[in-house]
Amino acid sequence: MKKSLRFVGLAAIAAIASMTLASCGASTNDASSGADVKSIKVVIAEYSPDHTSEFWKAFATKYEKKTGVKLNLQIISWNDLDQQSSTMVQSGNLPDILNQNAYASYAADDLLYNSDEVLDAATKADIIPAFVKSGTYDGKFYGMPDLSSARALFYNTDLFTKAGITAAPATWDEFTADAKKVQALGNGAVGYAQPLGPEEAQAEFAIWLFNNGGDFKADGKWTLNSPENIKTLEYMKSLSVTEKVTQNNPGHTNRTDGAFSLFEQGKAGMVVGFSPLQSALDTDFTSVKYAIAPMPSGDGAAAQTYGVTDYLMSFKKPGNQDAVKEFYKMYYAPDEINTWIKAEGFLPVTTSGLAEFSSDPKLKVYLDTLPNIHLTPTDDPEWDKIKLTIQQNIGLAVAPNGDPKKFLDDLQAQAEAGK
Amino acid sequence: MGEALLWLGPALVLILGVVVYPAITLFATSFGTYSITGLRKGSAGFDNYVNFLTSPDLGQVMWNTLVWVVVVVVLTIVIGLGLAQFLSKSFFGRRFVRWAVIVPWAAALVISSQLFRLMYDYYHGIINHVLLALGIIHTPIDWLGDSRFVMPSMILVGVFVSLPFTAYLFVAGLNAIPADVYEAARIDGATPWQTYRTITLPLLRPAILIGVVLNMIYVFNSFPVIWILNGSNPGVGNDTMITYMYKLAFKSGDHDIGMSAAAGIFNVLIILIAVGIYLRFVNWRQGDKA
Chain F
1 MKKSLRFVGL AAIAAIASMT LASCGASTND ASSGADVKSI KVVIAEYSPD
51 HTSEFWKAFA TKYEKKTGVK LNLQIISWND LDQQSSTMVQ SGNLPDILNQ
101 NAYASYAADD LLYNSDEVLD AATKADIIPA FVKSGTYDGK FYGMPDLSSA
151 RALFYNTDLF TKAGITAAPA TWDEFTADAK KVQALGNGAV GYAQPLGPEE
201 AQAEFAIWLF NNGGDFKADG KWTLNSPENI KTLEYMKSLS VTEKVTQNNP
251 GHTNRTDGAF SLFEQGKAGM VVGFSPLQSA LDTDFTSVKY AIAPMPSGDG
301 AAAQTYGVTD YLMSFKKPGN QDAVKEFYKM YYAPDEINTW IKAEGFLPVT
351 TSGLAEFSSD PKLKVYLDTL PNIHLTPTDD PEWDKIKLTI QQNIGLAVAP
401 NGDPKKFLDD LQAQAEAGK
Chain V
1001 MGEALLWLGP ALVLILGVVV YPAITLFATS FGTYSITGLR KGSAGFDNYV
1051 NFLTSPDLGQ VMWNTLVWVV VVVVLTIVIG LGLAQFLSKS FFGRRFVRWA
1101 VIVPWAAALV ISSQLFRLMY DYYHGIINHV LLALGIIHTP IDWLGDSRFV
1151 MPSMILVGVF VSLPFTAYLF VAGLNAIPAD VYEAARIDGA TPWQTYRTIT
1201 LPLLRPAILI GVVLNMIYVF NSFPVIWILN GSNPGVGNDT MITYMYKLAF
1251 KSGDHDIGMS AAAGIFNVLI ILIAVGIYLR FVNWRQGDKA
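Top to bottom, those sequences are chains F and V. Under my numbering, think of the first position of the first sequence as 1, with each following residue one higher. Under my numbering, think of the first position of the second sequence as 1001, with each following residue one higher.
By construction, these hints were calculated from the structure, which means they are not laboratory data. A quick note: this is a predicted structure, and the numbers were derived from the prediction, not measured. Hints are not guaranteed to be accurate.
Unchecked claim - Here are the computed lysine-lysine pairs in the DSS-like style, where the Cα-Cα straight-line distance is at most 27 Å:
hint	chain 1	residue 1	chain 2	residue 2
1	F	Lys-317	V	Lys-1041
2	V	Lys-1251	F	Lys-405
3	F	Lys-325	F	Lys-41
4	V	Lys-1251	F	Lys-41
5	F	Lys-231	F	Lys-221
6	V	Lys-1251	F	Lys-406
7	F	Lys-221	V	Lys-1251
Using the sequences and the accompanying hints, generate a full structural model.
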């Protein structure tokens, strides 16, 4: 009995040892010699179930044919992307290319190639300078933009006509008044659909505060609790608490299945939207008549266009530099990148893309503002955490018993402690 | 002996790979400092445990977990007992009813939760439509956003998805009770309630024990129901330990895998202690002897 137990113990040790060895083998494999890799792992975020995999599968085939390097494609939904990419880094199982909405933390951890190592000079020159700037951490360009979007105010023209409003609001006072008129129509009409739940609340906050002269960071310092920002958040809170011109419980409403769906049902007078909402309205919800206008500004602040870009970053792994370089070269070829951006309904990130898209009158309202677009401070690794705190907690700050000033003070303290 | 190992081998490898190895990894992770990207920066000592245990949200989350587990398990067991009685009677259409009861179990938790999310919706949900049409309420209820209703709404779904397994466990238990015991009771003139209390319940005791323990573990670890139904709420006011752990790792401003791993170790301890206390309380060894 005793003997057999010992044997089992030995077997267990052997099993563990072989597993450990196996995992070592896997990691030393690509770290051996400087020889070029035979395959690369490309992790892409799923922008839409229809177009993302279609484009990338075709891209992979072309890439393999051209380079002889196998492209292992992994398409992951936005919901799981943070968890999956963090697990990949934690387990040392790095991708070669990763598509994410943040890059600075990876650059700060010294995991990425910069543009000098993997990007053609001509390609870099083609990228719109505003995006090069947002992709630059500590003087080097790490976060290559894959596509962009700009936000604007969508309003339901049928509801506006019914409420006797003739033009889109240009100031906050007009905005409140218009929203009240729409809300007063009754029958489930909502003046303004305001999504401040965890999904994408930082975007909703950003567009309002940029148009009130506020910002997250100014001159290299965090300005999260600046007077402009506090005033903005208090105004946003007042829309639901005192003016009562929003849908029920904005702090608990997400964007896609909450605010957008109200607008798509023709129930919301106004919502902050972007081009994918526009394509949904034009194809699936054609009964909704709408128009697009710049955001109203508070206190006579200059109008700003809030934009978002996501990134393609490449991880430093032995022997993958040429394969990665080739990947970028192919991706930024106008035929590839613009085809995809068009299919997904987003906006270009290159100067050549701007020229190509300019023929589309529907996109004009965005394209004109793209070169001067106002982005969030994605070039600061600390923003990656600030963004999460805003997403998770801003909904509490705009509740009837919420305290916008305290929320922003705490946020400022979090940002300063992180430095 | 060599032959024995041959037979044991696959199971041992499976246990080592699926149970022991992840447990060791979790333990090691809980003592590391991690960057937001997932990169290990060094040892954290006990910092992750200290940060987790002193987190201002922990009290609320533990309370939510207690309410969630206790209410769901108690309701599941009580309703499950009734349902099992009903299912073990023979009546017209019993086969159909038995299938209907098992369906929620066959459906993926994520799908069931999404369906309930649609039904609970403030503007479009069928529950509000029906209650409004019947005149029971006059304004819609924000089932998944109003803090008074979120937990009860989630509990309802929790019970709904736990019932099939529990009811079938009890059906099997009822079938195992010999018919002659009931016959003897009838001859002795026992009332139906007396029969149920002194014969059915005591003889169901092993099934009930297993039902409670397994449900405690399942319900405590239940992620999809809470994650999906609570998905549009800010903060951690309605989270249980499991979803809180996930938020710590990937969604909150902490975004800290190490702290989340410490929470994971803490969770395992909690559920072990809870099950231990329960088994102690019901004196399960004595039950075996009886």
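Quick rundown of the hints versus the structure:
{"no.": "1", "hint": "F:Lys-317 / V:Lys-1041", "in the structure": "19 Å, holds"}
{"no.": "2", "hint": "V:Lys-1251 / F:Lys-405", "in the structure": "23 Å, holds"}
{"no.": "3", "hint": "F:Lys-325 / F:Lys-41", "in the structure": "14 Å, holds"}
{"no.": "4", "hint": "V:Lys-1251 / F:Lys-41", "in the structure": "25 Å, holds"}
{"no.": "5", "hint": "F:Lys-231 / F:Lys-221", "in the structure": "19 Å, holds"}
{"no.": "6", "hint": "V:Lys-1251 / F:Lys-406", "in the structure": "21 Å, holds"}
{"no.": "7", "hint": "F:Lys-221 / V:Lys-1251", "in the structure": "25 Å, holds"}
Violated hints are absent here; each numbered hint is respected by the structure.
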